[in-house]
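> Here are the chains, one letter per residue:
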Amino acid sequence: MTHFEAVEIIASRLTNQIVISNVGNTNRELYSVKKHKLTLYGVNMSLVTPLAFGLAKAIPQRRVIALDGDGSMLMGLKTLATVGTHPAKNLLVLVLDNGCYAACGWYPTAAGRGVDLAAIATATGFKNVKVVNDSGELSKALEECLAGDELAFLKANVESGPLPKAFEPLPFDGLDGTYRFRQALVDEGLVETWTDVTPVHYTFKK
Amino acid sequence: MRGSTSRYNLKNAQVIYDAVKNAGIDFLAYVPETWTNEILKLLLKDKEIESIGAAGEDEAMAICAGASLGGKRPMVLMEGSGYSTGTYVMSRLGLMHHVGWLMLSSHAGGIGEVAYYHWDVRLVGEPLLTALRIPHCVIQRIDEANTLIREAQLTVEGQKVPVAVLLPHHILWEEAV
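Note that the protein sequences, when read in sequence, are chains A and B.
According to the numbering used here, the stretch in the first sequence is residues 1 to 206, in order.
According to the numbering used here, the stretch in the second sequence is residues 207 to 383, in order.
Hints listed in this document are in silico derivations from the structure and should not be mistaken for laboratory results.
There's no promise every hint is true.
To be verified - 25 Å max Cα-Cα, derived SDA-like pairs, lysine to any residue:
no., chain 1, residue 1, chain 2, residue 2
1, B, Lys227, B, Ile348
2, A, Lys89, B, Gly262
3, B, Lys253, A, Pro60
4, A, Lys78, B, Tyr294
5, A, Lys78, B, Leu301
Owing to the predicted nature of the structure, the values given are computational and were not obtained by experimental measurement.
Take these sequences, add in the hints, and give me the full structure.
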C-alpha cells in the first residue's frame with residue numbers, strides 16, 4: 001500500500017469528521033482527492049496530534065482524526081503519553097508510517113529504523129491500537145475506529161518513494177486555511193460564530 | 207522562592223484564580239512548577255475547568271490551540287521558561303494559523319528572581335515574546351490582576367493571538383517576618 005493509496009482510502013471515508021492534517025505529502029495528497037471543509041490542512045510537525053486532542057476535548061460530540069506521520073509523531077512523542085492518560089473517546093490518532101521523511105529525500109525516521117509507534121501507544125495507555133499493512137486492512141480498521149466510541153490509535157504501514165505525480169500546493173496558506181476551517185466549524189454548529197467578538201459573555205466582578 | 211524566608215502568598219493566588227475565572231477560562235493545560243503551585247491547586251479543584259496535565263509547555267500550547275479552535279477559552283499555566291520551549295508553537299499555531307490562547311506563567315528571570323538557572327530566562331523570556339509580537343504584560347501589583355487577565359483574554363479572543371501574563375516573585379511569594 002502506497003502512501004497515496006492510504007490517503008485515498010482515508011479520504012473516501014470522510015463525512016462529518018474533523019481532520020487535522022499533517023504537512024507535506026499527506027497534506028497535498030489529501031486535498032487533491034478530497035476538498036473536505038472540516039479539515040485543517042498543513043499543521044506543522046509535532047503539532048497535529050496535540051491540536052487534534054484539544055479539539056476533541058472541546059467538541060466531544062464529533063469524531064476528530066489526527067492524520068499524522070511517523071516523523072511528526074516522533075518529533076512530539078510525549079503527546080502520546082498525555083493523550084493516553086487523558087483519553088478523548090472521539091479521537092482517532094491515525095499515523096501513516098512510511099519510515100522516512102518523504103518530503104525531503106526519504107531519510108529514515110526512527111520508526112524506519114525499527115521503533116514501534118504502536119507499541120509506544122499501547123505503553124502510554126491507548127486501549128484500542130491497530131496496525132495495518134494493506135488497503136483491505138486499512139479500510140476495515142478505519143471503519144471500526146470511526147464507528148467506535150473510544151480513543152483509538154491506528155498505524156498504517158505505507159510504502160514511500162518518488163511520487164507518481166506532482167501534487168500542487170494548496171491554493172490557500174495556513175492563515176486562510178484556518179479561517180476556512182473555523183467557518184466550517186461554525187457552519188456545522190459546532191462553535192459560535194468567531195467574527196463577532198464582544199465581551200458580553202463576561203460578568204466582571206469589581 | 208529565595209530560601210526558607212519565602213512562603214506562598216495564598217491571598218494573591220486566590221486573587222489570580224478569581225481573575226482567571228472572571229476572564230471566562232474553562233480549559234487548562236498545565237506543566238506544574240514551584241512558583242504557581244497554589245494557583246494550580248485552586249484551578250484543579252474547579253470542576254468547571256477541564257484540566258490536562260501536559261508533558262511539556264509546547265504541547266500544552268498546542269492542546270490549548272486546539273481547544274481554542276473548538277470554542278473553549280483555554281489557558282496554559284507554566285513556568286516562564288516555557289516561552290522558550292513553546293516558541294515554535296506560538297510561531298506556527300499562534301502567528302501563522304492565527305489561533306489564540308492565554309498563557310499565565312511565573313516571571314522566572316524577572317525582577318526578584320535570584321536563581322542562577324533562570325539567568326537565561328531573564329535574557330530571552332520577554333525579549334522572545336517581543337520578537338514574536340506576542341502581547342504580554344507583567345502583573346506588578348496584585349490589584350491589577352483582575353483587569354490585566356481580563357484584558358489579556360479579550361485580546362486572545364479579539365485578535366486571535368496567544369497572550370502572556372507574567373507573575374513575578376513578589377506577587378507569588380511573601381517574605382516571612
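> Does each hint hold? Answer for all of them.
Quick rundown of the hints versus the structure:
1. Of the supplied pair hints, the one linking Lys227/B and Ile348/B holds, its CA atoms being roughly 16 Å apart against a limit of 25 Å.
2. Proposed proximity of Lys89/A and Gly262/B is supported: the alpha carbons are some 23 Å apart, at most 25 Å.
3. Annotation: proposed proximity of Lys253/B to Pro60/A holds, straight-line Cα distance about 17 Å (limit 25 Å).
4. A distance of roughly 16 Å separates the Cα atoms of Lys78/A and Tyr294/B; the hinted pair therefore holds under the 25 Å criterion.
5. Using a Cα cut-off of 25 Å, the hinted pair Lys78/A and Leu301/B holds, with the two alpha carbons roughly 23 Å apart.
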